[in-house]
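Which chain is which? The protein sequence lines are H and B, in order. Each residue of the first sequence is one higher than the one before, counting from 908 in the numbering used here. Each residue of the second sequence is one higher than the one before, counting from 908 in the numbering used here.
One should not assume that every hint holds.
As the list claims (entries may be wrong) - Here are the simulated DSS-like cross-link-like pairs (lysine-lysine), alpha carbons at most 27 Å apart as the crow flies:
hint, chain 1, residue 1, chain 2, residue 2
1, H, K1070, H, K967
2, B, K1070, B, K967
3, B, K945, H, K1034
4, H, K1034, H, K962
5, H, K932, B, K932
6, H, K932, B, K945
7, H, K932, B, K1070
8, H, K961, B, K945
9, B, K962, H, K932
10, H, K951, H, K988
11, B, K951, H, K962
12, H, K951, B, K1070
13, B, K961, H, K951
14, B, K962, B, K951
15, H, K961, B, K951
16, H, K932, B, K961
Hints are computed from structural coordinates only; laboratory data are not their basis.
Listed here are the chains, written in short residue letters.
Number of protein chains: 2
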Amino acid sequence: MAQYSVASLERLIEQFERLPGIGHKTAARLAYYVLSMKESEAEKFADAILEAHKKIHYCKICCNLTDNEICSICEDERRDKSIICVVHDTRDVVAFEKTREFNATYHVLHGLLSPMNGCTPDMLHIKELLARLNNDEVKEVIMALDGTVEGEATAMYLSKLIKPLGIKVTRLAYGIPVGADLQYADEVTLSRSLDGRIEL
Amino acid sequence: MAQYSVASLERLIEQFERLPGIGHKTAARLAYYVLSMKESEAEKFADAILEAHKKIHYCKICCNLTDNEICSICEDERRDKSIICVVHDTRDVVAFEKTREFNATYHVLHGLLSPMNGCTPDMLHIKELLARLNNDEVKEVIMALDGTVEGEATAMYLSKLIKPLGIKVTRLAYGIPVGADLQYADEVTLSRSLDGRIEL
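Construct the entire structure; sequences and hints are all you get.
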């Protein structure tokens, strides 16, 4: 008995399966949904994939994603250019922007130092960061990196490069999350939040 | 403070968000993954979407999906053409094919009768099914429809059309799933499985 299969459908399912967190069943569900779309909608979907790939690249200044030469944050004249917030990933920029409180600029490293995973300093966008520090405008660099071993190692590495330039280097506060139950906080976080206690 | 956004990225996220079961966060994760793909891989993905849409259509005989004129099942000479298994959706065909035990042909209705949702007989592929019954070859039509109100209504409707043609109409057995705990079976299923009990 010949196995029933439709080659183009199989190919589409395979493509969806390559996406992170999408297994075979979800991939099949998405592929069938794409088949049920109107032709014009499927074209829009395919175009969005190609267009995003063609148009989006790194901002010349901060290495954030943009479809212009310079991203809208670096271009914004009302932004405080004397503070640079160094982040791991472009998604972290989105997270900080959501606070609507941060009014300075970013620098996206696109990775964290991790010798185990073969991520060395030359693979991060550190050169571009140092180039920005060569003028007198920058007063502070905030290390807004993950609270992991890799994040801390990267922050230490960068601070050793930046401090000699006479620029203040800070890092995010460690502590208990707002709204969290104390009993669910791990002991490292708790002891860090004790160390960083603030007078009321 | 201008809101940071990248138009082409937003469009891609929006497109992913349209897929069933994909919320905003997952859509963003998938979109970022697409950005991280090689250009050639992104092109393959987009092509798969367009190609599936262009090439795949309904089999002229059984209304199953195919990229040829007639699907590989209807074309297969070793298949028993005297039995037609009527299913709701193309995915049901895949499910039956997985049993590797069914060696006859299918007919895909692409829907179930549901006056509440505005699904009327003329919206299902019933005409094509009746056309297949006009030769003497077909001996039996199996209603392999969902065990829902819509599935049963559709099966009743079709059997009233088909029985007068002198063709045997059957439906799938109701009963407890293989490997299931009796205590988790609902009472309707249990009483149906009692009705359909078989001598050992």
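Problem - 27 Å Cα cutoff - pair K1070 (chain H), K967 (chain H) - result: holds (24 Å)
Practice task
Assess, step by step, whether the Cα of K962 (chain B) is no farther than 27 Å from the Cα of K951 (chain B), and give holds or violated.
Solution key: holds (15 Å)
Handout entry: 27 Å limit on alpha-carbon distance, applied to hinted pair K961 (chain H) and K951 (chain B)
Key = This hinted pair holds, its Cα atoms lying about 14 Å apart.
Exercise for the section: Sort out whether K932 (chain H) lies within 27 Å of K962 (chain B), counting only the CA atoms. Expected result: holds (22 Å)
Problem - Satisfaction of hint between K1070 (chain B) and K932 (chain H), Cα-Cα up to 27 Å - result: Violated, because 37 Å separates the two Cα atoms, which is more than 27 Å.
Exercise for the section: Would you check the hint for K951 (chain H) and K988 (chain H), treating anything up to 27 Å between C-alpha atoms as holding? Expected result: Status violated; Cα separation ~38 Å.
Problem - Proposed proximity, K962 (chain H) with K1034 (chain H) (alpha carbon, max 27 Å) - result: holds (24 Å)
Handout entry: Given hint K967 (chain B) paired with K1070 (chain B) - CA-CA distance at most 27 Å
Key = Status holds; Cα separation ~24 Å.
Practice task
Measure nothing beyond the straight line between the CA atoms of K951 (chain H) and K1070 (chain B); if it is 27 Å or shorter, mark the hint as holding.
Solution key: At roughly 46 Å apart (the allowed maximum being 27 Å), K1070 (chain B) and K951 (chain H) break the hint.
Problem - Pair hint outcome, K932 (chain H) versus K961 (chain B) [Cα-Cα no greater than 27 Å] - result: holds (23 Å)
Exercise for the section: Verify the proposed pairing of K932 (chain H) with K932 (chain B), using a straight-line Cα cut of 27 Å. Expected result: holds (20 Å)
Problem - Pair hint outcome, K961 (chain H) versus K945 (chain B) [Cα-Cα no greater than 27 Å] - result: Roughly 11 Å between the alpha carbons, so the hint for K961 (chain H) and K945 (chain B) holds.
The structure fails to meet hints 7, 10 and 12 from the earlier list, while all remaining hints are met.
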